[in-house]
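Novice: Sequence:
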Amino acid sequence: MAWKKRYYCTSCGYDAYIYEGRGLFRQEITAICCGGCKSIQNLVVGGIIADVAPSFRSEVGRLCLHCGSDDIRIWDKHTCPKCGGLMEYTGEKEFWT
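Quick note: the sequence shown uses my numbering, first residue 254, plus one each step.
These are calculated hints, taken from the structure and not from any lab test. Just so it is clear, CB atoms sit at the ideal spot from N, CA and C, and this is done for glycine as well. There's no promise every hint is true.
[Said to hold, decoys possible] Per label pair, the in silico range of CB-to-CB distance:
hint, residue 1, residue 2, range
1, 314, 265, 14 to 22 Å
2, 324, 264, 29 to 37 Å
3, 322, 261, 18 to 26 Å
4, 343, 323, 29 to 37 Å
5, 347, 314, 24 to 32 Å
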């Protein structure tokens, strides 16, 4: 079971949806921050797909889904990638499978 959550930057207004929990095929969704396009993206990691495609076993060597940059890191759930301000969880949450 997983949740889709909305985060909002109190400084510049940037918002992003991230996923927490596990998907139907045991995969995790990891929120990454891209230094190239200054966005937050969700990467599928592990689960059944990792059994077939070893590159999905971790975030190492992965690229940003938006711009293709390799300048990615796991997002800290606080820092805005656009301006460096504070991003807060809005309380908006949806169940996702």
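Novice: Okay, residue 343 versus residue 323 on CB: inside 29 to 37 Å?
Specialist: Roughly 30 Å apart at Cβ, these two residues keep to the hinted range, so it holds.
Novice: Holds or violated: 18 to 26 Å for the Cβ distance of residue 322 and residue 261?
Specialist: Cβ of residue 322 to Cβ of residue 261: about 24 Å, so the range 18 to 26 Å holds.
Novice: The hint says 14 to 22 Å between residue 314 and residue 265; measuring C-beta to C-beta, is that right?
Specialist: violated (30 Å)
Novice: Using the Cβ atoms, figure out if residue 324 sits within 29 to 37 Å of residue 264.
Specialist: For residue 264 against residue 324, whose Cβ atoms are near 22 Å apart, the range 29 to 37 Å is violated.
Novice: Has the hinted range 24 to 32 Å been met by the Cβ atoms of residue 347 and residue 314?
Specialist: holds (31 Å)
Hints 1, 2 from the earlier list are contradicted by this structure; the remaining hints agree with it.
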